[in-house]
Each structure stands twice: as C-alpha cells, then as structure tokens.
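J.: Those sequence lines, one after another, are chains U and Z. All the letters of the first sequence, read from the start, carry residue numbers 1 to 248 under the working numbering. All the letters of the second sequence, read from the start, carry residue numbers 1001 to 1103 under the working numbering.
Any given hint could turn out to be false.
[What the hints assert, rightly or not] Quick list of simulated restraints, FRET-style, between CB atoms:
1) U:170 - Z:1103: 11 to 21 angstroms
2) Z:1061 - U:217: 33 to 43 angstroms
3) Z:1084 - U:20: 27 to 37 angstroms
4) U:12 - Z:1066: 27 to 37 angstroms
5) Z:1070 - U:103: 39 to 49 angstroms
Derived from the structure by calculation, the hints contain no laboratory data. Cβ coordinates follow ideal geometry from the N, Cα and C atoms, glycine included.
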Amino acid sequence: MLTKQEKVLHSKHTAFHDFLDGSKQSLPIALGYFPVSFTFGLMAVKGGIPVWIVVLISMTNLTSAGQFAGTNLIIAGAGLAEITITTFVINIRYMLMSLSLSQKIVEGIPGYKRWLMSFGITDETFTVAAMQKKDITFSFMTGLEVLPYIGWAAGTAAGALVCTILPESLQNSMGIALYAMFIALVIPAAKRSKAALIVAGCAIFISSIIKWVPVFSVVSGGWRIIIATFIACTIGAKFFPMEDTANE
Amino acid sequence: MNDTLIAVLLMALVTYFPRVLPMAVFKNKIKSRFITAFLAYVPYAVLGAMIFPDILMSTGHLLSAVIGLGVAVILAYFEKSLLKVAVCAITVVYVCEIIISRV
C-alpha cells in the first residue's frame, strides 16, 4: 500500500511524464506550423493589418483555415456577420473532434481543465491525440498543445516582422503556400475515401460556379465557402451516411 | 482599427466555441448518422472550396499559379509532407515569376 504522500508524488510524476510524452509527440506539429503561420503573418501584414493584431489573431484563434479565411475577409473589408459566420462554419469541424476526444479522455477530468485543454484542439493535435492507444490525460493533452501553440505564435510574429524585407516576387510566390498545404491535406484523404473525394469535388465545382457565373457575382468569398460547404456536405451525408468516421 | 479588433475577438470566440462545447457538455455520442457524416465531411468541403478557384489568384500571374497548383497536386498525390508540398510550390512559383518578369 502506498501512503497518501507517496500517492501524490506518484501522480505528480505520472502527470509530468504524460506532459513530456505529449510534448515529444507534438514537436513535428510545432515545426510544421512555423512556416504556415510565417506565411500567414506575412500575408496579413501585407494586407494592411498591424503586426500586433496579426500576432493577436494567431494567439487567440490558433487555427489555419478559419483565421486565414477570417483575416482575408477583414482585409477585404467584409462585415462582422460575414467574418463571424465564415470563421464559425469553417470551425464547425472542431465540434466533431472535440466530441470524439470527450469520449477518449480519462474519466473525472474537472470542468475547468476541459475548458483549458479544448483551446488547443487543432486538426493535427486532434489526430495525434486520437491515435493514442490509451486514454488521454489532461497533462498529456496540454503537453501536446503547448509547443504547437508556441510554434504558431512565433511563426506568425516572424512572418509579420520580415514582411517588408522580402522582395515582391518572393512575396507573390508565398501566396500559394497555404493553398499548397490545403492540397497536401485534401488529396491524400481523397485518395483513401471516395466520399471525401466526391465532397471535395462538389465543393470545388460549386465554388467555381459561384465565382464565375455572373448571376452569383454578388456572393462574396466568405459566403461562397459557406454555401459550397453546406451543399457538398449535405450531398455527402445523404449519399454516404455509412462511411466510418473513426479515422477522421 | 476598432472594427478589426472586434472581428478578431468574434473570430476567437467562434473558433473556441466549437472546440470547447462538446468537450464540456456532451457526454454521449451523436446518434444521427446524417449529422455525424455531415460534420465528418466539413473539412474536405471547406478545403475544396477554399483551394479552388482562389489558388489561381494567389500569385502574381495566372500561369505561375497554374504551374504551382500542378506541382502541389502531384506531390500531394504521392503523399509528400505538407511542408515539402508548400516549399516546392513556392519555389516553382518563384522561378516562374522571375521568368515571366524577364520575358
């Protein structure tokens, strides 16, 4: 039997171990985030947003697609409703991840810890957490989240600060970086899942129609993504409701 | 400036909200297969709609964007890392931009 003191010591040791384990597994995520948020910082400052606000966006949002779209709309002078709804719709996917993680964390984690650990859920941290063999502790999850958070914020700051130094031709070339990363995310998924392929294809098709058919020229970029997403996902859910979403 | 700050705050809220809500509230799994599937497909749809056609306007010239898109698609098909795909696309576009500006 362990004494009470030994038990406390033991649980502290385990917590620290879990935190380190999470941190170790998150290192590639943090390194991967740096160039993406660097590009984000660069583009946002180039679009006319002050450096400190650009860094604030990354520190409060911590998401690629959502803050990228939202920031694009801020730069384009869109209304608050449009910015908010676009960002929200893009982030709706986090509900699924959060829901999935809520089933995978160890029992008895108090409410405030749940509120804390939810902040750092991203596509990448979720994937790593979901792939763990055992249940996830609060320490593991925070360990998993802290380095990517630092990488995201630091990359943004670096990109925002060097924005003015880079020559224009290089700035122009950086514009494709995020799209290239999106492509690298969606194509391997589309290779594995017919449903993902069809949903992404539908979204591209609808998005192109709205963009190029003159009747729809009043629809701005944010609403275009929302409309394309809703139609494509409805089609996907209607025709492929069975597909296993466990490896999402 | 104030509007920008409000926009950033709203963005932060609607980013945090979907992350925290299920974790803090839901103890049971969603039963509706339609909603589950719909949510599962959101990332693919959003990515698709965001990539195209916007990528065509993301560089200095349409031609460099199309070539960059082609390079990214090929590398992604062979499952290269996100970083590799991005860096290669940037490099190819950069070279194209230089060639176009010299012609």
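J.: Taking the beta carbons of residue 1061 of chain Z and residue 217 of chain U, is their distance inside 33 to 43 angstroms?
T.: violated, 23 angstroms
J.: Between residue 12 of chain U and residue 1066 of chain Z, is the Cβ distance one that fits in 27 to 37 angstroms?
T.: violated, 57 angstroms
J.: Could you check the hint for me, namely that residue 1070 of chain Z and residue 103 of chain U are 39 to 49 angstroms apart, CB to CB?
T.: The hinted range 39 to 49 angstroms holds for residue 1070 of chain Z and residue 103 of chain U, with Cβ atoms some 41 angstroms apart.
J.: Kindly confirm whether 27 to 37 angstroms is satisfied by the beta carbon distance between residue 1084 of chain Z and residue 20 of chain U.
T.: holds, 28 angstroms
J.: Could you tell me whether the CB distance from residue 170 of chain U to residue 1103 of chain Z stays inside 11 to 21 angstroms?
T.: Since the Cβ atoms of residue 170 of chain U and residue 1103 of chain Z sit about 19 angstroms apart, the hinted range of 11 to 21 angstroms holds.
The structure is inconsistent with the numbered hints 2, 4, although it conforms to all the rest.
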